[in-house]
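Residue numbers (this note's numbering), protein chains in the order written: chain A, 1 to 241; chain B, 242 to 592.
The set of hints was computed from the structure by calculation and includes no laboratory data.
Quick reminder that beta carbons are idealized off the backbone N, C-alpha and C, glycines included.
It cannot be assumed that every hint is accurate.
[To be verified] Have a look at the derived ranges for each label pair, beta carbon to beta carbon:
hint	chain 1	residue 1	chain 2	residue 2	range
1	A	R235	B	S262	47 to 53 Å
2	A	S135	B	W538	49 to 55 Å
3	B	L509	A	G15	28 to 34 Å
4	B	L562	A	R9	44 to 50 Å
5	B	L509	A	F17	43 to 49 Å
6	B	S391	A	S135	56 to 62 Å
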Amino acid sequence: MDSVIVTDRLTKKFGDFTSVNSISFEVSRGEIFGFLGANGAGKTTAIRMLTGLLKPTSGKGSVAGFDIYREAKQIKRRIGYMSQKFALYDDLKVWENIRLYAGIYGVEKSEIEPRSKEMLQQLGMEGEWESMVKSLPLGWKQKLAFSVAIFHRPDILFLDEPTGGVDPAVRRTFWEMIYAAAERGITIFVTTHYMDEAEYCDRVAIMSEGRIAALDTPYNLKRGFEVENMDMVFRKIARGV
Amino acid sequence: MKQFLTLIEKEFLHIFRDRWSTIILLILPVLLLFLFGYMMNTEVKGIHFVVHDAAGSVEAQQIAERAAATELFIFEGFANSPQEIESLFLNGTIKVAILFRKDAIELIADSSDPNSASTAISYLNAIIYDFYGAPTPPIEVESKLLYNPSLKSSYYFVPGVMGMVLMLICAIMASVSIAREKERGNIEMLLVSPLKPLRLIISKMIPYFAIAVINLATILIISYFVMEVPIRGSFALFLLFSFIFITTSLSMGVLISAVVKSQMVALLISAMVLMLPATLLSGMVFPIDNMPFVLRWVSYFTPATWYISGIKKIMLQGVGLKAIAKELAILASMAVVLIGSSLLSFNKRVV
């Protein structure tokens with residue numbers, strides 16, 4: 001398995017504050033990689049460095065084979081990104097939203113329409129082609145937003161707390177979609193502070209005060225800390241055990 | 242390029258679908274033009290006056306008639322005594338009085354409004370000299386009022402209102418539209434996309450540029466046909482200069498939106514905070530040279546100041562490119578600096 005994300009002592013400082021402190025890890029192609037930690041542990045800073053939104057202070061990193069310092073542009077083309085803040089345009093129709101994002105990512109014009117129709121069919125939203133996004137129920141909006149984020153078939157999908165503040169039913173649908181995307185060969189890098197979601201990941205890194213405190217499969221982590229679930233793993237780490 | 246056109250089209254869709262804001266954006270300049278137009282009218286008209294002449298001479302009667310015949314004065318009748326004149330001044334019935342004494346004519350004016358008082362006095366002087374036949378001075382003094390011979394205040398305020406209105410509208414439009422995307426989370430996707438921030442900014446500016454040009458056209462039509470302000474210089478230069486100013490003002494809106502997080506704050510800053518320098522410090526109302534040091538510098542950093550100064554030259558003096566080169570250069574460099582700073586701030590703080 002080749003590695004699509006590689007970091008080596010990646011660090012980001014804001015003045016005196018070290019948000020991400022020398023983290024090193026690799027993510028393999030097709031993996032669902034969870035990035036866990038409390039608010040302020042440095043998750044978002046890390047994801048921003050990997051998506052080319054923030055320049056690291058020191059250390060090395062590459063995403064999809066491209067250097068995060070010099071090749072942010074190539075990285076941006078090959079990744080998808082979604083956060084809880086991310087939203088489609090309410091005042092645009094469903095197809096206008098799709099066309100806009102597809103156009104920005106340079107999807108071939110002739111491909112946009114058949115691919116969008118197929119996508120809506122999979123979502124069970126065939127009838128909503130001409131609907132304004134604001135008229136859709138919230139759950140549909142989020143499903144649609146997720147599908148739009150991977151419309152350009154990225155190598156890696158970065159999800160920054162995608163399920164923050166949504167209800168359990170929607171969270172479940174979300175994870176179903178994440179699995180479906182992973183099955184299509186998209187590597188998933190997901191940050192969350194819901195420990196139950198860690199169980200769904202192939203491997204998780206637990207961040208604490210800017211460092212990676214633990215990194216393994218959920219199974220190995222639970223066994224290593226001799227606990228029953230990820231929540232307890234997290235608590236033990238937080239207590240500094 | 243295709244990517245760019247899609248973005249511009251999307252921006253136009255936002256504008257057209259939000260009918261009410263579009264209508265407001267198109268009507269607001271007209272309203273402001275009329276509002277400021279009539280508010281800032283500094284022409285002196287309809288000054289009430291009385292005449293007192295203890296002797297009851299024919300001259301007094303005739304001079305009163307001559308004055309009342311002009312647009313400037315309204316004759317309130319004869320006062321019986323100087324005491325009555327004073328009470329008329331105090332209760333606000335009159336602004337000017339003419340007192341005929343045995344050896345002289347005395348003109349009295351309420352100069353709590355110095356502008357209209359001095360205008361009224363000089364007009365009355367002229368009427369009286371004219372009536373008696375003024376003594377010929379040893380040298381003839383001829384005064385010529387250039388560029389605005391009939392001293393129409395519209396000549397003075399229309400360029401000012403144009404500058405103010407365009408600056409406010411552009412700053413409001415650009416800042417609110419980007420702040421809205423920030424607020425709703427739409428901009429996230431655009432920023433992580435391979436889209437260059439400069440393209441994003443320009444694609445935002447183009448549609449609002451189009452609206453600002455429509456605004457410019459309506460303002461121009463009203464000022465030319467209704468308020469009768471001429472454009473003596475080249476129309477092409479007028480357009481070029483205005484387009485640059487519109488770009489500067491839009492960039493200002495972009496910078497505001499790069500710094501703030503919500504539409505409300507964007508609106509407050511671009512409407513309220515910019516309103517003050519745009520109206521009071523831009524040279525539209527008060528001459529910049531008379532301002533205290535600090536305010537003068539604020540006015541130098543207000544784009545409208547330079548636009549108003551340049552556009553007056555083009556419209557009233559009919560000058561060419563060379564005469565407004567300074568204004569043009571300042572506005573263009575302001576635009577570059579503003580867009581540059583917004584880019585920096587967009588790159589630094591993404592969300």
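Outcome of the hint check:
1. Here the CB-CB span from A:R235 to B:S262 is close to 51 Å, well matched to the stated 47 to 53 Å.
2. Take A:S135 and B:W538: their Cβ atoms lie about 51 Å apart, and the range 49 to 55 Å holds.
3. For B:L509 paired with A:G15, a C-beta distance near 30 Å keeps the hint of 28 to 34 Å intact.
4. Taking the beta carbon of each, B:L562 and A:R9 are about 58 Å apart, not inside 44 to 50 Å as hinted.
5. Checked against the hint of 43 to 49 Å, the C-beta distance between B:L509 and A:F17 comes to roughly 31 Å, which is inconsistent with it.
6. A hinted range of 56 to 62 Å for the beta carbons of B:S391 and A:S135 is consistent with their spacing of about 59 Å.
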